[in-house]
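This is what each chain is made of:
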Amino acid sequence: MTSDVEYYVIVPHRGPAAGLARRTPAESGPVDETLGRDLTWQPDSAIVEWEYGDLGTELVRISEQEAENLTQALRSRLRRT
Amino acid sequence: MLELGLPARPAGVASYTEPPGFDHDEQPDDVWPDAAAATVNPVSTARAASDTARRSAAERDTVMLPPASEHSADAAGDDRRNGSATAQSPASDQNGRGRSVPADWQHPYDVPGDSDHRRDHKVPLDRTDVTTASWPTVEVPPRNGDHRNGNRAGALRDPTAPDGARRQAQRSQPWPTDPDQPMFRPPAAERPNRPAVTNRLSAAQHELVDRILASCRAAEGRNAVGGYGSSGLTPAMMRIAAQLPFGGLAPGSEADTLKSADRLAAKLARLIARQPGRSAEQVAAGIGDVIRYAFTFDSATYTEGTLLVHRKLKTQGFELEARRNRWGSPEYKGVFTRWRDPAHGLPFEVQFHTGQSWTFVKRTHETYVRITDPVTSPAERANLRAQQATAAEVVLQPPGCAEIDDFRAGARGQSR
Chain A
119 MTSDVEYYVI VPHRGPAAGL ARRTPAESGP VDETLGRDLT WQPDSAIVEW EYGDLGTELV
179 RISEQEAENL TQALRSRLRR T
Chain B
1342 MLELGLPARP AGVASYTEPP GFDHDEQPDD VWPDAAAATV NPVSTARAAS DTARRSAAER
1402 DTVMLPPASE HSADAAGDDR RNGSATAQSP ASDQNGRGRS VPADWQHPYD VPGDSDHRRD
1462 HKVPLDRTDV TTASWPTVEV PPRNGDHRNG NRAGALRDPT APDGARRQAQ RSQPWPTDPD
1522 QPMFRPPAAE RPNRPAVTNR LSAAQHELVD RILASCRAAE GRNAVGGYGS SGLTPAMMRI
1582 AAQLPFGGLA PGSEADTLKS ADRLAAKLAR LIARQPGRSA EQVAAGIGDV IRYAFTFDSA
1642 TYTEGTLLVH RKLKTQGFEL EARRNRWGSP EYKGVFTRWR DPAHGLPFEV QFHTGQSWTF
1702 VKRTHETYVR ITDPVTSPAE RANLRAQQAT AAEVVLQPPG CAEIDDFRAG ARGQSR
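These protein sequence lines are chains A and B, in that order.
Whatever position you read off the first sequence (first residue = 1), add 118 for the working numbering.
Whatever position you read off the second sequence (first residue = 1), add 1341 for the working numbering.
These are computed hints drawn from the structure, not numbers from a lab.
Backbone N, C-alpha and C define an ideal beta-carbon position, used for all residues, glycine too.
Watch out, some of these pointers could steer you wrong.
[Stated by the list, open to error] Label-pair restraints from in silico Cβ distances: (1) A/E182 to B/G1567: 51 to 61 Å; (2) A/R193 to B/S1543: 21 to 31 Å; (3) B/Q1584 to A/P161: 43 to 53 Å.
Just chain A, same shape as in the assembly:
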């Protein structure tokens, strides 16, 4: 069973991936969130800002598994710092 949730990696102009965003379909309208520094999903507008022409970061669509891998990598990194 495939998820309808869309995942995106947030890539800045320079440097490695900086964060994760996701869009979850809902009856009232898509729910947009980003992964916060506490590694919980929080409401955010990163995706819609991108859709409106924001130039600060690039959003690249990834799979749910890739998003999970990135989350684990981030968790490991934050644990070290």
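Could you slot chain B onto chain A? The hints should help.
Chain B only, in chain A's frame:
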């Protein structure tokens, strides 16, 4: 002795300047997302093979972007050669961008050595649609309507406001695409559950905001008495505008060239929260619209004028970092570009509009602010986006605008 506005970095702002490849200073295992990034997407995976010769093993498994001097042609070419799929982005374009360029196509402003106009830099695009068309339209209730207390937005909306107040408000209209513009923020009492994002910043981060603004203020070129000499970004933009055979700086745009401290703090707080893989300094270095300009042209000269300004900016030594053609967007139209001023090491933004699209973004600014507010509910955002799409139907695409490609300097992962 340096005058204000000369292209020199003031003391204490060095940390804002973004050194190329600053992430290379990090230990390999400290570069998020580590090995997990090897499976990020087909683009990065395919590209990793072609980058092997010039990257260490540790770097190869990250989503690291190469220095800006490395052109996206490498990435695009690698993608094509490897037959990799184009990564998807959240929105789509419908203006035909991303198609193959005819072999005999010659860029009208091809400049020798101007890598941006090489046709092999065409950015592959996806066709994922933003589903806004079926959303119902709602009316946006007016807010902050009282103009008598210096409320410029209120003066604009209030038909009973004195002509002088309305004229003054029109002259000082905020930058239309700035979601952090405080004048359109409703009073806190209207949004009791919405956090004051600027309060999330630490004292050190507020100092960072001050340093960014000091750096940008020096680069922008305004002197101590509010005027301009011959040096700085704004005088350069004015010279470029004066040289144009048609079009020019967008009416009213120059009044808000520099982002305010409050707006910058709000934006920094928002970006820090959503980019856990970066330090506050790295996030701050990526903010490219602290200094911003807009040019407008009539529809017939839009494409030619936009490309002409590009050429003039490059002639002045500015470096194009990114460009997004949003004329295919159902909701928000124009060409948005990000440049770097090598003299100051700072990015800045330049938008390109027709008179019609510029009027549209100004008129719908409040809706835009609410759509891009992180705490706007999904239902409200959906309704506002439908309203925006409906309103945008009257904004006509200028002829030939599809020739203006998306671009990202040094990108390894072209997603549009």
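Exercise for the section: Could you tell me whether the CB distance from A/E182 to B/G1567 stays inside 51 to 61 Å? Expected result: holds, 53 Å
Exercise for the section: Starting from the range 43 to 53 Å, see whether the pair B/Q1584 and A/P161 falls in it by beta-carbon distance. Expected result: holds, 46 Å
Problem - Distance restraint evaluation - A/R193, B/S1543, Cβ atoms, bounds 21 to 31 Å - result: This hint holds: roughly 23 Å between Cβ atoms.
Checked against the numbered hints listed earlier, the structure breaks none of them; every hint is satisfied.
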